[in-house]
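Visitor: Here is what each chain is made of, one letter per residue.
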Amino acid sequence: MGSVGIVTPQSLRLAAPLPLQSGARLEDCTLVYETYGSLNAERSNAVLVCHALNASHHVAGRHDGQDKSEGWWDNLVGPGKPIDTTRFFVIGVNNPGSCFGSTGPTSLNPATGRPWGADFPVVTVEDWVDAQARLLDALGIQQLAAVIGGSLGGMQALSWSIRHPDRVRHAVVVASAPNLSAQNIAFNEVARRAIVTDPDFHGGHFYAHGVVPRRGLRVARMIGHITYLSDDVMASKFGRQLRNGALAYSTQDVEFQIESYLRYQGDKFSDYFDANTYLLITRALDYFDPASEHGGDLARALAPAIAKFLVISFTTDWRFSPERSREIVKALVDNRHEVSSAEIDAPHGHDAFLMDDPRYHGLLRAYFERIAAEAPSPVVPSIRGFAV
Amino acid sequence: MSERKDLELIAELVPHGSHVLDLGCGNGALLALLRDERGCTGYGVELDDAKLLECVQRGVNTIQRNLDEGLAIFADRAFDVVLQLDTLQNLRNTEQMLLETVRVGRIGIVSFPNFAHWPNRLSVLRGRMPVTKALPYQWYDTPNIRVGTHLDFEVLARRNGLRVLDSFGLQNGRVVRRWPNLCASTAVFKFERA
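Chains as they are written, first to last, in our numbering: chain A, 16 to 403; chain B, 3 to 196.
No lab work stands behind these hints, which were simulated from the structure alone.
Glycine is no exception: its CB is placed at the ideal position from the N, C-alpha and C atoms.
There could be a bad hint or two in this list.
Unchecked claim - Selected chain B positions facing chain A (in silico; Cβ < 8 Å): (1) His18; (2) His21; (3) Thr43; (4) Tyr45; (5) Asp51; (6) Leu54; (7) Val58; (8) Gln59; (9) Asn63; (10) Phe76; (11) Ala77; (12) Asn146; (13) Ile147; (14) Val149; (15) Gly150; (16) Leu153.
Unchecked claim - Dumping the calculated DMTMM-like pairs for lysine to aspartate or glutamate here, alpha-carbon to alpha-carbon at most 20 Å: (17) Lys53/B <-> Asp268/A; (18) Lys53/B <-> Glu353/A; (19) Lys53/B <-> Glu384/A; (20) Lys53/B <-> Asp360/A; (21) Lys192/B <-> Asp154/B; (22) Lys53/B <-> Asp82/B.
Let's have the full structure, built from the sequences with the hints guiding it.
Guide: In structure tokens form, the structure reads like this:
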């Protein structure tokens with residue numbers, strides 16, 4: 016199994032404004048993306064990879080000057096890997112509102128000539144999917160062989176199958192949910208309050224003050240990390256281990272290794288992640304609820320989908336638990352849509368979707384081999400789309 | 003039970019174009035056969051990771067679930083046919099499962115090892131639990147927690163208000179209609195809600 020090697024991000028400035036769910040429009044929108052592998056002559060082998068909260072278009076490979084890959088799904092995407100770039104043309108794209116190159120709060124607001132900051136319009140999963148569809152248009156790809164994402168990325172895969180049913184042959188939804196639970200929204204709200212109440216936040220216009228609401232970002236990331244890990248993995252990784260071997264009888268110093276780990280993760284995160292982006296992306300998570308337009312009936316929401324589905328969850332994931340994936344599976348089965356689902360007994364909690372558990376990757380490999388083997392047939396939306 | 007000939011004999015009980023649920027679908031061979039040769043659609047349910055992988059390799063839609071958790075995710079009358087081949091004997095709630103089968107499907111088809119097959123009777127007469135091709139386990143390591151006979155199932159079906167549409171035995175890839183309780187290692191029943 017190899018690496019895709021050196022990759023160079025590319026960018027696309029959308030030819031027309033992007034209308035948003037909120038009613039606002041993003042007049043000037045640039046998307047940064049990377050591609051791996053080659054598009055075949057029929058343009059039928061494209062796989063779109065959707066990122067979650069803190070990731071980006073950089074899915075696999077190395078940027079010039081890096082000695083190892085920082086691609087967030089490099090263990091999955093590459094030559095000979097489960098999503099094999101010798102067979103598929105894989106696309107990673109940074110969503111609008113993010114802070115890794117696509118238009119977002121750190122970009123200049125054309126109306127004021129200053130960074131958007133807190134004035135950047137609220138974007139939704141649906142808006143991202145529509146922006147990604149524009150990228151496919153520009154790349155001359157009418158239909159994806161597959162769209163895949165984990166967590167918030169899985170929500171995008173689900174949304175793709177609903178909003179652009181005839182453009183998706185397979186949707187792979189990993190460690191995701193049809194909407195956030197109250198508990199999940201609550202975690203997001205704590206993270207947002209940590210950021211917004213940081214004195215360095217300045218109402219979201221901290222760039223002009225030359226500061227970053229680092230304390231808020233750190234706490235937000237610490238909370239996030241707690242929810243991404245399972246109780247078991249935290250116990251086995253850290254347990255009650257002390258950092259210095261003996262209690263210091265201090266209320267403020269780091270006593271336990273878990274504190275040290277969380278502080279380290281928080282510090283690292285606050286160095287590269289934008290506070291306004293954190294607010295925007297957690298909001299997109301909160302808002303996602305395709306069933307809401309159908310009286311809460313997810314089966315009706317998924318009725319237009321034509322794609323075949325693979326839904327994967329992890330038994331120790333309590334942030335996006337297997338029960339939430341079962342709701343998706345049930346809605347698909349009610350529609351007689353094609354679906355396979357796996358509940359992988361991995362110990363890592365929500366983070367498992369980024370790991371290379373052999374059962375998980377074995378399943379993805381088998382599924383993508385099937386996709387590669389099948390003859391791409393033009394999808395006819397009218398008949399199956401409305402069958403119940 | 004997983005032998006090709008047996009699968010073909012079971013497949014013949016499934017009408018063409020049926021929407022099928024296969025509970026404990028194993029490696030998905032039957033579903034693939036029903037899809038390829040009888041134009042059927044539907045899903046398998048399988049708990050085992052390795053078998054699930056084989057199903058995905060075959061392109062068979064399979065949902066990973068523990069059947070002991072029930073069939074709540076499936077709506078009433080969602081399927082034309084619900085299959086439970088070589089599965090019933092591994093489940094805790096046998097009766098509940100049969101009732102669930104006729105709730106989610108119009109027709110149920112089950113197969114299970116027939117404990118009253120004559121070599122089994124001989125073995126017990128000799129004082130030892132049978133170990134055969136259909137019942138390959140020792141008494142202390144068998145996953146078969148419900149051991150029943152062809153005749154037992156008829157009684158259970160009646161008790162639960164199921165109408166038996168067809169029943170026969172399977173032995174060496176052949177249908178046994180004469181004295182199946184004695185002459186066949188596998189019992190097969192096709193039934194519906196009475």
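Visitor: Does each hint fit the structure? Answer for all of them.
Guide: Each hint tested on the structure:
Taking 8 Å as the C-beta cut-off, the interface hint given for His18/B is violated, the closest approach to chain A being about 17 Å. Hint status for His21/B: holds, given a least beta-carbon distance of 7 Å to chain A, under 8 Å. For the restraint placing Thr43/B at the interface with chain A, the shortest Cβ-Cβ distance is roughly 7 Å, inside the 8 Å limit, so the hint holds. With a least beta-carbon distance of about 7 Å to chain A, the hint placing Tyr45/B at the interface is held under the 8 Å criterion.
Satisfaction of the interface hint for Asp51/B is found here, the shortest Cβ-Cβ separation to chain A being roughly 5 Å, below the 8 Å cut-off. A hinted interface residue such as Leu54/B counts as satisfied when its beta carbon comes closer than 8 Å to some beta carbon of chain A; here the least separation is about 6 Å, so the hint holds. At its closest, the beta carbon of Val58/B sits 5 Å from a beta carbon of chain A; the interface hint therefore holds under the 8 Å criterion. Interface hint at Gln59/B: satisfied, since its Cβ lies 5 Å from the closest Cβ of chain A, which is below the 8 Å cut-off.
Because the smallest distance between the Cβ of Asn63/B and any Cβ of chain A comes to about 5 Å, under 8 Å, the interface hint for this residue holds. A distance limit of 8 Å between C-beta atoms decides the matter here; for Phe76/B the minimum to chain A is near 7 Å, and the interface restraint holds. Here the hint on Ala77/B is kept, as its CB sits about 6 Å from the closest CB of chain A, short of 8 Å. For Asn146/B, the interface hint is violated, since its Cβ never comes within 8 Å of a Cβ in chain A; the closest pair sits about 24 Å apart.
Here the hint on Ile147/B is broken, as its CB sits about 22 Å from the closest CB of chain A, past 8 Å. Annotation: Val149/B was flagged as interfacial toward chain A, and the flag is violated, the nearest CB pair being 29 Å apart, outside 8 Å. Hint on Gly150/B is violated. Least Cβ distance to chain A is approximately 30 Å, over the 8 Å limit. Annotation: interface hint on Leu153/B violated; nearest CB of chain A at approximately 35 Å, more than 8 Å.
Straight-line distance between C-alpha atoms of Lys53/B and Asp268/A comes to about 51 Å, which puts the hinted pair past the 20 Å bound. As the CA atoms of Lys53/B and Glu353/A are separated by approximately 18 Å, the hinted pair is consistent with the 20 Å bound. For a cut-off of 20 Å, the pair hint linking Lys53/B to Glu384/A stands: about 17 Å separates their Cα positions. Of the pairs offered as hints, the one joining Lys53/B and Asp360/A holds, with about 15 Å between alpha carbons and a cut-off of 20 Å not exceeded.
Between Lys192/B and Asp154/B, the direct Cα distance comes to roughly 15 Å. Compliance with the 20 Å bound is thereby established for this hinted pair. Between Lys53/B and Asp82/B the CA atoms are separated by roughly 24 Å; this puts the pair beyond 20 Å, and the hint is violated.
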